[in-house]
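Trainee: Each chain, written out:
Number of protein chains: 2
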Amino acid sequence: MLSEMKRLLVGKPLANEQLAHERLPKRTALAVFSSDALSSVAYATEAILIALMYANRDALGLATPISVGIMVLLITVAFSYIQTIMAYPNGGGSYIVSRENLGTIPSLVAAVSLMTSYILTVAVSISAGVTAITSALHWLDPYRTVMAVALIGLLTLANLRGLKESGSMFAVPTYLFIVSMFGLIIVGLYNVATGSVTAAPAPEIVHAEFNQTLTWFLILRAFASGCTALTGIEAISDGVAAFKQPQSRNAAITLGVMAALLSLMFIGITVLANAYQVIPDGAAEPETVNSQLARAIFGGNSPFYFVIQIATMFILILASNTAYADFPRLSYFLAVDRFLPRQFAQRGDRLVFSNGVIFLGVVSAILVIIFQAREQAMLPLYALGVFAAFTLSQTGMVRRWITLRSPGWIRNAFINGFGASITALVLIVIAITKFSQGAWAVLVIIPVVVITLMNVRKHYLDVADQLSLAEAPKPTAVRRHTVLVLVSGVHRGVIPALQYGLSLTSDNIRALYIDLDDASTERIKQKWTQWGSGIELVILPSPYRSLIRPIREYIDQLSHRYHDDVVTVVLPEFIPNRWWQHFLHNQTAIAIKTMLLFTKNVVVASVPYHLDH
Amino acid sequence: MLSEMKRLLVGKPLANEQLAHERLPKRTALAVFSSDALSSVAYATEAILIALMYANRDALGLATPISVGIMVLLITVAFSYIQTIMAYPNGGGSYIVSRENLGTIPSLVAAVSLMTSYILTVAVSISAGVTAITSALHWLDPYRTVMAVALIGLLTLANLRGLKESGSMFAVPTYLFIVSMFGLIIVGLYNVATGSVTAAPAPEIVHAEFNQTLTWFLILRAFASGCTALTGIEAISDGVAAFKQPQSRNAAITLGVMAALLSLMFIGITVLANAYQVIPDGAAEPETVNSQLARAIFGGNSPFYFVIQIATMFILILASNTAYADFPRLSYFLAVDRFLPRQFAQRGDRLVFSNGVIFLGVVSAILVIIFQAREQAMLPLYALGVFAAFTLSQTGMVRRWITLRSPGWIRNAFINGFGASITALVLIVIAITKFSQGAWAVLVIIPVVVITLMNVRKHYLDVADQLSLAEAPKPTAVRRHTVLVLVSGVHRGVIPALQYGLSLTSDNIRALYIDLDDASTERIKQKWTQWGSGIELVILPSPYRSLIRPIREYIDQLSHRYHDDVVTVVLPEFIPNRWWQHFLHNQTAIAIKTMLLFTKNVVVASVPYHLDH
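Note that the protein sequences, when read in sequence, are chains U and V.
Letter by letter, the first sequence follows residues 0 to 612 of numbering that gives the first Met the number 0.
Letter by letter, the second sequence follows residues 0 to 612 of numbering that gives the first Met the number 0.
Treat the hints loosely; a few may be bogus.
Any copy will do: because identical chains look the same in the list, a pair fits if it lies in one copy or spans two.
[What the hints assert, rightly or not] Derived BS3-like pairs (lysine-lysine); straight-line CA-CA distance at most 30 Å:
1. Lys-457 - Lys-243
2. Lys-524 - Lys-473
3. Lys-243 - Lys-524
4. Lys-592 - Lys-5
5. Lys-599 - Lys-243
6. Lys-599 - Lys-526
7. Lys-5 - Lys-473
8. Lys-11 - Lys-599
9. Lys-457 - Lys-526
10. Lys-25 - Lys-457
11. Lys-592 - Lys-473
12. Lys-457 - Lys-592
13. Lys-592 - Lys-11
14. Lys-457 - Lys-524
15. Lys-526 - Lys-11
16. Lys-592 - Lys-524
17. Lys-526 - Lys-473
18. Lys-473 - Lys-457
19. Lys-457 - Lys-599
20. Lys-243 - Lys-526
21. Lys-25 - Lys-243
22. Lys-473 - Lys-599
23. Lys-5 - Lys-243
24. Lys-599 - Lys-5
Treat the hints as calculated values from the structure; they're not laboratory data.
Can you build the whole structure from these sequences, using the hints too?
Mentor: Structure (structure tokens):
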């Protein structure tokens, strides 16, 4: 029944040969790899404005210079990553680059940073996608968490089925988003140029102004908030292998185009938000800054407005979907390196790394529930992991150039070194300014998970050591059997177990019965004379009504008496015909088997007796 | 680790001899058995008032005549139950009485009605207890569901430990409640008599007045709502065995006293609620009618007011606790009669029927969460089950008198017949007038559960039949073994399994390996020549990466080839040292064992290899 349900949900299993790879042209690759990065313009400007509201609405104008600063940062990081693309034509994720160049611990820090940021990509993007819709249709707001969790469920399911990442699926929403954003920006700028700007109406409930003094700390925090615009920019360097030949060059060009588009969209939105005097919405059902802006420029009933909101939602869903490709792949690498349980390295029925997909879905759904699908509340957790991975990856590249000393290595090392220094600086700014808003949690989680991963590997190496055949004796048959048949009564289900026990040894066999009440014990003693076939019946007292303890004690005594032989506990199990009928019978067999598994030198043989109907 | 946690929570196991019984004097018995009935004055008057608000606040005055009608009903039911007490000196719960006199189906209807009402006793009483407190301390209201669930958790735990129902634990809160209620009523009536009544201030948000015409339907519905005052009145007839000798007489007197106290308190509160013109509170954080009344009479800052609220809370907690005694006992009876899974008939470590206790706790907690601990919303579900049990129990008594024809049988049959008719009439009134408010759910649940219980019994009888030894052959040893050793590689953990397999049969043995990737398969083939001890290695292809399917198919083929012998599948299992390390290894052994359990004529032998550290 369970397996039928699984078939219905994820489809028929796929054979190994069906694992195929697709090579993407630049235009499609841009759509596939840039949704994560481009979609961050849906929330980055708003994050800056909210951070500036710690002062007051007069400070909001600072958003424009801050976004220019972030653009400079973005271009630096993009240049730095072009180096990585050139050096790793088969894909150079942060984990790979830092493992190869920096060693285990930095690579694990990079890996864990990436894992947290993939999880947050899903949680943040899905929440922001839902907010794009609830901004247009306020009455949907009470269902936001439900909608976000449902979307995560659908994405998880689609990825368990092994969603074919066909280029067109990505191209339409991504290009629609790009076009609609540039449409918004061009019309807005035209209005600004012609002086026909009317300020966006202030939201009914304005975001809290805390009237703090506008210190450098506040400004840096607003900058740190805006750095969420850079999330997803590393995606292309991870996926170089998917580009058409010459893959590195094509990937580098695509990264350049993406960085240019992202910069223009982000600056454009921010400049317009200032020009239209958009104030962040502080209502219980907030409208996004982008929605306010689009409403101010096109009017809330215009079809253009709805196209923008819908395109925003779709690209955000695509952005989440990229994490569904990246997270399971990273956890596969980690599992192959023995840092994660090996279940993450197995392909499921549909050739996807199902366990990674499920893990990502569950954890991001939990985050969405905790934060009630408010993306702005999750952003402080997001940027930290992303910048940690940036820094480690760029540092790894510096190390690589210095070691290789290939032609042009000084220039290359300088570019990556500059990138690493800048991202490290931003990392520190984020850690400090966002510490109290949630970044502390990431700073705690990363080392804890890194230590856990290292312990997992230690355990696996340990086991491999113990399983080695170095000094093992060659297998020879067991010399002597001691057999215990557990009986819960004398009935038909016990007979095959007694037969099986007798076939192991005809003389060293006993039946064990736990005395739970006197009447039943008397009854079994009488029946045993007829059905016991001469096997000794041992009655174990159990004053505390435990079934486990008397058996364990008896076996302990037994193993003190004999050595060098094997005790087989034969368990008669009668198997009902339908699965639900199991609940009507004691599940003591399971408890007994679990206990015996941990008892040394005891083999458990389950002898089933199948009921007919 | 799990077992240590259990010890900490529920304490050390108790031996069978520690099961003891206590005989209670009348005064203590009143406290023990009446908390459920008496505590219903905490919500019954309010239920009537809320029902009358479907008309408007002018109709509230009808509460007084309605409560007089309910008092007459109460006295009738009490008389009827005194007959039951006399006839069943060892306890005559509705299930027992109707099983003995009416047959299986009516007794099951009675049992299921009682089970639903026990569950609701917990959910309603705990919620009402919490409301008594939040009425006094409004700021606690947002935590009401949490508090109610926590209280249910504590009660469940206390009952799992086997709470000793010492008389004094019950006596203090019960008598405190009785005294404080009578204090309230006497002071209130004195004010009424001296004309010094000032109307209670109307709540800030008055309960919705729906301005429906005051039809007989509305009045009957208000009556039906007030009938919740009768819940718990059957408790004494269930517990006659706990009284001192002469037990029936003592129990009957106690029932009389309880009925008198309950009538007086209920009428008193209702009369005063009308005299003080109390209007039900319709706020999101409502105050109870009793709290409004106590505030009007004593003032909200008076210590008397707080004593009343606290006493109300305590008696309501005690009332829930009685369900913790009744529900597991009833489910024990049903399990002994094979209508419920036998797990309900087992005493746990602490000699209580743990499964019944846990079930009650979980289901009532779910109800509390669904209804957000609003007792008034749950009341429509409550009275129906109670009156169904009343009616069946009284009808059973009528049948008994007619059958036995003992002296005075005509008078006795008349009393019970009158009780049965009246409660049947009220049952119909409740079913109709409360149908749309939730009674429909109970009307659906009762037949569904009754049918389920009958199917459970059918299954057990079926199994007993199939396990009977009537035509069974005497056990003799198995003639021929076929052994399959499943290997996932060649390592030390496999060697004991091979040894064990060789000891079963030296020639009819094969090792099975599932080919998941070519490289590993090549490696194992090479190693096998050295370590295989001449055992044939069978490589099973698995294009869909399934471990289960190739094994099943191989066994199917095998059993077509041979008959009359037993296939033993030997599973090497290596057992990590710590429980959490299990998560780091494939749990495929469990899946394989489960699959094989359902395969006929296959014995599974788990051969463990224990890792050291």
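Trainee: Each hint: holds or not?
Mentor: Going through the hints against the structure:
1. Lys-457 - Lys-243: Cα proximity of Lys-457 and Lys-243: none, with 40 Å in one copy and 67 Å across.
2. Lys-524 - Lys-473: between (44 Å within a copy, 17 Å between copies)
3. Lys-243 - Lys-524: neither (80 Å within a copy, 40 Å between copies)
4. Lys-592 - Lys-5: So Lys-592 and Lys-5 pass the 30 Å test inside a copy (28 Å) and across (20 Å) alike.
5. Lys-599 - Lys-243: So Lys-599 and Lys-243 fail the 30 Å test inside a copy (58 Å) and across (55 Å) alike.
6. Lys-599 - Lys-526: Answer is between; shortest inter-copy Cα gap is 27 Å, intra-copy 33 Å.
7. Lys-5 - Lys-473: The answer is neither: 43 Å in one copy and 43 Å across copies each exceed 30 Å.
8. Lys-11 - Lys-599: between (41 Å within a copy, 27 Å between copies)
9. Lys-457 - Lys-526: between (55 Å within a copy, 26 Å between copies)
10. Lys-25 - Lys-457: neither (43 Å within a copy, 68 Å between copies)
11. Lys-592 - Lys-473: both (28 Å within a copy, 27 Å between copies)
12. Lys-457 - Lys-592: both (29 Å within a copy, 29 Å between copies)
13. Lys-592 - Lys-11: The answer is between: 24 Å across copies meets 30 Å, while 34 Å in one copy does not.
14. Lys-457 - Lys-524: Answer is between: at 28 Å across copies they meet the 30 Å cutoff, but 53 Å inside does not.
15. Lys-526 - Lys-11: Cα proximity of Lys-526 and Lys-11: none, with 52 Å in one copy and 35 Å across.
16. Lys-592 - Lys-524: within (25 Å within a copy, 32 Å between copies)
17. Lys-526 - Lys-473: For Lys-526 and Lys-473, the Cα distance is within 30 Å only across copies (12 Å; inside one copy 45 Å).
18. Lys-473 - Lys-457: Within one copy, since 28 Å is at most 30 Å while 53 Å is not.
19. Lys-457 - Lys-599: within (24 Å within a copy, 41 Å between copies)
20. Lys-243 - Lys-526: Cα proximity of Lys-243 and Lys-526: none, with 79 Å in one copy and 42 Å across.
21. Lys-25 - Lys-243: Classified as within; 8 Å inside a copy, 92 Å across copies.
22. Lys-473 - Lys-599: within (20 Å within a copy, 33 Å between copies)
23. Lys-5 - Lys-243: neither (36 Å within a copy, 61 Å between copies)
24. Lys-599 - Lys-5: Only across copies: Lys-599 and Lys-5 sit 24 Å apart there, 37 Å inside one copy, limit 30 Å.
Of the numbered hints listed earlier, those contradicted by the structure are 1, 3, 5, 7, 10, 15, 20 and 23.
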